[in-house]
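Participant: Construct the complete structure from the given sequences, taking the supplied hints into account.
Residues -24 to -1, 1 to 172, numbered by mature numbering (1 follows the signal peptide of the UniProt record, and there is no 0), are exactly what the sequence shown covers, in order.
Think of the hints as simulated: they come from the structure by calculation, not from any bench. Since the model is a prediction, treat every value here as computed from it, not as a measurement. Hints may contain errors.
[Unchecked claim] With beta-carbon atoms standing in for the labels, derived distance ranges:
1. L45 <-> I21: 12 to 22 Å
2. V146 <-> G61: 17 to 27 Å
3. T1 <-> G78: 18 to 28 Å
4. A77 <-> S34: 13 to 23 Å
5. S132 <-> I21: 15 to 25 Å
6. P147 <-> N102: 27 to 37 Å
7. G70 <-> S34: 17 to 27 Å
In this text, a Cβ means the ideal position worked out from N, Cα and C, and glycines have one as well.
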Amino acid sequence: MRTSSWQSCLLAATLSLTSTLASATIYTYAGNLAPEVTGAQGSGIVKLKFDDSTNDLSIYAGFGGLSGLTTVAHIHCCTAAAGTGTIGVAVTPGTLPGFPAGVSADSYSAVIDLDLASSFTSAFINNFGGGTVAGARTALFAGLDAGTAYFNIHTSAFPGGEIRAFPERVPEPASLFLGFLGIGALLLTRRGRRRF
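Facilitator: Quick look at the structure:
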């Protein structure tokens, strides 16, 4: 039962790549920002990326056509039912750091360190996180996975919130790639065994 050296190298590379990528996973969530109340006119997009090796949450948002000027933005969690309802702020107290105020259209990006208590409201830490930052982080991602967390932009015209999105998990292309790579390596190995 001989395998060629290139097949062995391919299998070793696949296993090495799998273990490297398995040590750090990036979870991506995306959604369309849409009016949440009658009379609101804004729209936009939001993308959240969570790196479980650093506990950093990257936030990217683009929005426009708002009925009023932006006042605050944050992430709320966890509503009673997926895709609907309102609940208190989870991330961050006040507004997201650096979020543009006083505009009707703009883009935003930031990285939030979810190892810090200051990244969450104390109410969220106590009510959903069991009093710990690690618990709050776990609750936030359980809410995102369940569709009960939402990104919200508030404006002068709609202080309670003008547009929001319940971001949904985006399948990770790296996982699909690794799966296909592993299947390919397995097939090549099996093919090599049949010849001898």
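Participant: For the hint 12 to 22 Å, verify it against the beta carbon of L45 and that of I21.
Facilitator: At roughly 20 Å between Cβ atoms, I21 and L45 fall inside 12 to 22 Å, so the hint holds.
Participant: Measuring from beta carbon to beta carbon, are A77 and S34 in 13 to 23 Å?
Facilitator: 21 Å Cβ-Cβ, so the 13 to 23 Å window holds.
Participant: Confirm or reject the claim that S132 and I21 have a C-beta distance inside 15 to 25 Å.
Facilitator: holds (22 Å)
Participant: Is 17 to 27 Å right for how far apart the beta carbons of V146 and G61 are?
Facilitator: Since V146 and G61 have Cβ atoms about 23 Å apart, the given range 17 to 27 Å holds.
Participant: Has the hinted range 27 to 37 Å been met by the Cβ atoms of P147 and N102?
Facilitator: holds (34 Å)
Participant: State, for the Cβ atoms of T1 and G78, whether the hinted interval 18 to 28 Å holds or is violated.
Facilitator: violated (37 Å)
Participant: Assuming the hint says 17 to 27 Å, is it satisfied by the Cβ distance from G70 to S34 or not?
Facilitator: The hint (17 to 27 Å, Cβ to Cβ) holds, given that G70 and S34 are roughly 20 Å apart.
Hint 3 from the list above is the single one not met by this structure.
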